[in-house]
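Chemist: So the protein sequences, as listed, match chains A and B. Here the working numbering is used: the first residue of the first sequence is 1, the next is one more, and so on. Here the working numbering is used: the first residue of the second sequence is 1001, the next is one more, and so on.
Worth flagging that the hints you see were computed from the coordinates, not collected in a lab. If a hint is listed, it holds; no wrong ones were tucked in.
Here are the simulated lysine to any residue pairs, SDA-like style, with alpha carbons at most 25 Å apart:
1) B:Lys-1120 with A:Leu-47
2) A:Lys-127 with A:Leu-242
3) A:Lys-278 with B:Gln-1250
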Amino acid sequence: MTKTAERRLPAHTAVPPVPAPPPAGDRRRRRLADQLRAYGFLLGGLLCFALFSWYPAIRAVVIAFQKYTPGSPPEWVGTANFTRVLHDPEFTAAWRNTLTFTLLALLIGFAIPFVLALVLNELRHAKAFFRVVVYLPVMIPPVVSALLWKWFYDPGAGLANETLRFLHLPTSNWSNGTDTALISLVIVATWANMGGTVLIYLAALQSIPGELYEAAELDGANLLQRVRHVTVPQTRFVILMLMLLQIIATMQVFTEPFVITGGGPENATVTVLYLIYKYAFLYNDFGGACALSVMLLLLLGAFSAVYLRLTRSEGDA
Amino acid sequence: MTTGTRTLISPATLARPRGKALYWTVFTAVVVLFALAFLFPVYWMATGALKSPDEVARTPPTLLPEHWRLSGYTDAWDLMELPRHLGNTLVQAAGAWAFQLVFCTAAAYSLSKLKPAFGKVVLGGILATLMVPAQALVVPKYLTVADLPLIHTSLLNDPLAIWLPAVANAFNLYLLKRFFDQLPRDVLEAAEIDGAGKLRILWSVVLPMSRPVLGVVSIFALVAVWQDFLWPLMVFSDTGKQPISVALVQLSQNIQLTVLIAAMVIASIPMVALFLVFQRHIIAGISAGSTKG
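Looking at chain A on its own, in the form it has when it is part of the complex (with noise of 0.2 Å):
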């Protein structure tokens, strides 16, 4: 700071006091230059987004109205994608697995990380190791998490049959039956993704003020009571914000199915995400593969719009 003003003094009092001010014709010539340059800089990353995110989104649109074959003119169809979309059967069982999917996942995957930071919280040993040791599953691939628990599943001699027999407890079909497949997924989806949960609760927990606690144990609260009156109302935000991130991830969930049970059994399994896919990638259909991206991101988008709402108000107050 006083660098600076020493360097800016000179130029007001010094000899060669501030030029006078250029004609207009140049002081505008000077002001497009600046905005060429500045335009010069954001170049690339415009015609990045402009490519890959706002046209797309567009496109997705439009497409959703057309017959569109790469290679020869599309045609317009009107609403025929849509009607066709939700005449599949598929249709059906993609959102109800989508949304079963993402409310299991709210239900396990939420409440586990969410009490594992609680008890985090109040361990005062080997801190750093609890935390890398639940963020290890995150660092690997999700594909490999996919066929690692795809074994684990794998009715014979894999591992979570063992531990039951071990146990003495019947088998499950898992991935591999109709009323276990879904779990099965969600177990693995939180088991690879629960270490940002913790660690994000984690953060928002050791910035409650600790005088709360000891106001709520003057007031004769009970441990219970303390988790309800002092911790949930102080993180409230936090558990809101990570709810609705998980939400819309987990509504976009693809990996799991795909590469542990490839939708099935009996389409138990088949998700929206995936029903795209399968759309553009197998039936060739991508006016069809578009309406339900519309669909989806309509959805999504309400979500996001939501969450984006909450963090900016957050970061006014």
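Using the hints, position chain B against chain A.
Modeler: Only chain B this time, still in chain A's reference frame:
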């Protein structure tokens, strides 16, 4: 008393003998739980690859491999052409990182310091893409990459199909812009008075001051490409160009289990190593994300 802020349970409760006993019970339980839930699967994978095909399929399983065979790993390396696929991933990730650093940094610098006309509109357009979940747009994005508008070129099976879309990362760009916004004005003005051009200021003033945020963006960029599956699955139909994530799944159908497991271990090593080296920064970055939004 000096052990930081107080949490749910008071230090006084913990100091009592009963509290102490309870604390260590819970502590041990959590250690065991973490070891079983997070470390054991990784251990199972790493040792599974060392077992013989018979031993892997045996019930009940063996905790330790009877013989430590490295052939699973060497077979995976040769049969699944891991060097080539790892190389593809490396090229894709490194390129995406470089493109992001150059173009996102330049764009963020422009938006933050050069006041382009309609800069607010551009920034709004960029931030709006945060609301549009990336995966929902993969199909139209694929169609765009398969036939670029105006120049009608296809980027399929070309690493550019990873590199260029990676630049359209609103999150990283916004992170950079926000950091640049907080740089002290006077330092930049001083450089300008000294006669430095905009590029010079970016290179020798802004970037050296931005090391922390550049580190965060670099890690995000590398990890994102390394972990991605759906997009490379769509863009690389040519087996020889596929990154390790896609190749693993494609080859998993008809390969011996021990060899596949070995390949999975090898595919995990780079990211796990990166994590262990930069764990403090990565964990601090994630934790900071929560409070800064």
